[in-house]
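Based on these hints, arrange chains B, C and D on the given structure of chain A.
Residues per chain are reported as follows:
4 protein chains.
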Amino acid sequence: MGTSGNFSAVISRTPLRLAITASSLPKGTLRASDILQCDENGRVTGRAGKKPSAETLLHVEIVRRRSAGAVLHTHSVWSTMLSQTWASAPGAAVEIEGYEMLKGLAGVTSHQHRELVPIVDNDQDMTRLAGRIGDVLALHPKAHAFLLRRHGLYTWGDTLADAERHIEILEFLFETIGRSQGGQ
Amino acid sequence: MGTSGNFSAVISRTPLRLAITASSLPKGTLRASDILQCDENGRVTGRAGKKPSAETLLHVEIVRRRSAGAVLHTHSVWSTMLSQTWASAPGAAVEIEGYEMLKGLAGVTSHQHRELVPIVDNDQDMTRLAGRIGDVLALHPKAHAFLLRRHGLYTWGDTLADAERHIEILEFLFETIGRSQGGQ
Amino acid sequence: MGTSGNFSAVISRTPLRLAITASSLPKGTLRASDILQCDENGRVTGRAGKKPSAETLLHVEIVRRRSAGAVLHTHSVWSTMLSQTWASAPGAAVEIEGYEMLKGLAGVTSHQHRELVPIVDNDQDMTRLAGRIGDVLALHPKAHAFLLRRHGLYTWGDTLADAERHIEILEFLFETIGRSQGGQ
Amino acid sequence: MGTSGNFSAVISRTPLRLAITASSLPKGTLRASDILQCDENGRVTGRAGKKPSAETLLHVEIVRRRSAGAVLHTHSVWSTMLSQTWASAPGAAVEIEGYEMLKGLAGVTSHQHRELVPIVDNDQDMTRLAGRIGDVLALHPKAHAFLLRRHGLYTWGDTLADAERHIEILEFLFETIGRSQGGQ
Chain A
1063 MGTSGNFSAV
1073 ISRTPLRLAI
1083 TASSLPKGTL
1093 RASDILQCDE
1103 NGRVTGRAGK
1113 KPSAETLLHV
1123 EIVRRRSAGA
1133 VLHTHSVWST
1143 MLSQTWASAP
1153 GAAVEIEGYE
1163 MLKGLAGVTS
1173 HQHRELVPIV
1183 DNDQDMTRLA
1193 GRIGDVLALH
1203 PKAHAFLLRR
1213 HGLYTWGDTL
1223 ADAERHIEIL
1233 EFLFETIGRS
1243 QGGQ
Chain B
1063 MGTSGNFSAV
1073 ISRTPLRLAI
1083 TASSLPKGTL
1093 RASDILQCDE
1103 NGRVTGRAGK
1113 KPSAETLLHV
1123 EIVRRRSAGA
1133 VLHTHSVWST
1143 MLSQTWASAP
1153 GAAVEIEGYE
1163 MLKGLAGVTS
1173 HQHRELVPIV
1183 DNDQDMTRLA
1193 GRIGDVLALH
1203 PKAHAFLLRR
1213 HGLYTWGDTL
1223 ADAERHIEIL
1233 EFLFETIGRS
1243 QGGQ
Chain C
1063 MGTSGNFSAV
1073 ISRTPLRLAI
1083 TASSLPKGTL
1093 RASDILQCDE
1103 NGRVTGRAGK
1113 KPSAETLLHV
1123 EIVRRRSAGA
1133 VLHTHSVWST
1143 MLSQTWASAP
1153 GAAVEIEGYE
1163 MLKGLAGVTS
1173 HQHRELVPIV
1183 DNDQDMTRLA
1193 GRIGDVLALH
1203 PKAHAFLLRR
1213 HGLYTWGDTL
1223 ADAERHIEIL
1233 EFLFETIGRS
1243 QGGQ
Chain D
1063 MGTSGNFSAV
1073 ISRTPLRLAI
1083 TASSLPKGTL
1093 RASDILQCDE
1103 NGRVTGRAGK
1113 KPSAETLLHV
1123 EIVRRRSAGA
1133 VLHTHSVWST
1143 MLSQTWASAP
1153 GAAVEIEGYE
1163 MLKGLAGVTS
1173 HQHRELVPIV
1183 DNDQDMTRLA
1193 GRIGDVLALH
1203 PKAHAFLLRR
1213 HGLYTWGDTL
1223 ADAERHIEIL
1233 EFLFETIGRS
1243 QGGQ
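Chains as they are written, first to last, in the working numbering: chain A, 1063 to 1246; chain B, 1063 to 1246; chain C, 1063 to 1246; chain D, 1063 to 1246.
If we strip away everything but chain A, and leave its shape as in the complex, we get (with noise of 0.2 Å):
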């Protein structure tokens, strides 16, 4: 699902501590020695080598805000198309209501949920982006996941497990709605 990507996971939580993936790994690869371990500010605190991913902070910006066990970010055709098509308003997020599936989001008991899935702006400065998604999860303290415009999904779980449930889920909702949507 989705080209490439990176995840991580909570080691302890007081210091932060967070398994994640190095940068730039091709996929289909990955080898223990590509999970890294870094502290709350993305510096390696374990045996260093290879350079975490890029996004690192991003990671760490979710953990705290969410008290994540573990995040999770994919690139996919769907979660692409529906960051571009819903994103023209400022506060712009896609809006998924009355769907069975989603009650596979954690906390979620019945079809009428509504699950905003805020999008954010992509950036390739990631102190600046990390700020700006702390800002979106504070505006929508319930949301399971976010969107980066033209970029990608993130979502987060308890566990890994929850976090690869929710990743499921979106997707089958983002194809839904965007065949829906023709589109356009």
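Errors might be hidden in some of the hints.
If several chains are the same, the list does not tell them apart, and a pair holds so long as it fits within one copy or across any two.
Simulated crosslink set (DSSO-like; lysine-lysine; CA at most 30 Å straight-line) [unchecked claim]: (1) Lys1204 x Lys1113; (2) Lys1165 x Lys1112; (3) Lys1165 x Lys1113.
By construction, these hints were calculated from the structure, which means they are not laboratory data.
Small disclaimer: the values here were computed from a predicted structure and weren't measured.
Relative to the frame of chain A, chains B, C and D by itself:
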């Protein structure tokens, strides 16, 4: 095909005993202990320990009304899409006519057959939803399947193989119709 | 590619003997005993026991008119879609021109080739349908294939490999054309 | 990805020696003996016996103009679609801007990069087509790829891995753009 769902098969008719998948199972990891036996009220009759699927009452309703030997429920992008495209009117149904593939439905011998797949509004109250499904099945005595709005497909057959063939046929037709409409 | 269908290969031309798949076989489980031998009237000539495909007469018609060594018939979403999109006019045909992939059809050496894939109305009366197909093949002496309306694709070749390549080429082109039209 | 195509890799630059796939090979069955060695005029220099790809001169042109180490050519539905959608004007090119995935192209460091993928009219005369491609590469000195109209994609890189990554990136972006346009 689809990302989750549940299924059941009739073990005995008098008294009614249904083998049915347990609730909330991750896909792809089904084991023998995940199949429960329950009665006509959806109560576990055999070895307990797991909760039967929340939708057990819907299976019971279908088995009773149709004398089905097996019931399958799946979630898929195309069935979800069609269930919302066609569902604005009361008595809504997806109309499928003129396709050779219709001959894969039990008892259908010509592409000129007109199949109505009723669409039922989704509900988290299973007793109420089972009642509504009973009404729809009574209203459409020849239907081979129905859709739950923004939820998924239910179909059935004399045997599990028949029900599986119905899924395959209907998903093919839903995709063809969905693509032909350009998703609108 | 496609969910069902049938195929045949010429064993001898005088008298005509065709190896053809038996009727109503579940896909993916074809065994040697599911291949029957039949004559120019579609009657089983070798070991009996199974019924030849209901569409045997169509295969015979194609083999005779085209001196084909093999005939393939498949169902697919894109071929079904194009067969209904383009079928409103009499003499309907899908026109395909300007694609490099056309060079995969026997005897075609340039993308500037214009291929007409005639569309024939579907029918459950196989004798009548075989007659209609004979007329269409006579009218389109250079066609490499035809579509049965809302049913599927028939193509052929000197060898089974040629017919398989034609399926692959035509499905690629049908998908390209179908997507280019936005499904309308 | 795609149903056919060809590829080459530079063995030596002075004199130019190219390893290139032989002509008309069925996909998925490539063997060592299907790779030929040829010179800057597309003539086989090593062991003969097979014909080099008809498009060898195009590979030579790209290798010369771009100092590429490897060239890949693929056919796919999305690249074929975009090559016809955007090709009506002279100097036609697919414009891709604002996507994070662009950073997978060699030398691109920001999603704000604007990539132009020129579209070249298809031709069966390879000498003439190679000349046209030379002109287009000169006109677009920063392009990472070009499309042959209704034919397919050519891309290249310092290494085979770079060229493969370019295929992957561009196919992702073509699909995203193609779906966003609803195919029109």
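Going through the hints against the structure:
1. Lys1204 x Lys1113: between (32 Å within a copy, 28 Å between copies)
2. Lys1165 x Lys1112: between (39 Å within a copy, 19 Å between copies)
3. Lys1165 x Lys1113: between (37 Å within a copy, 17 Å between copies)
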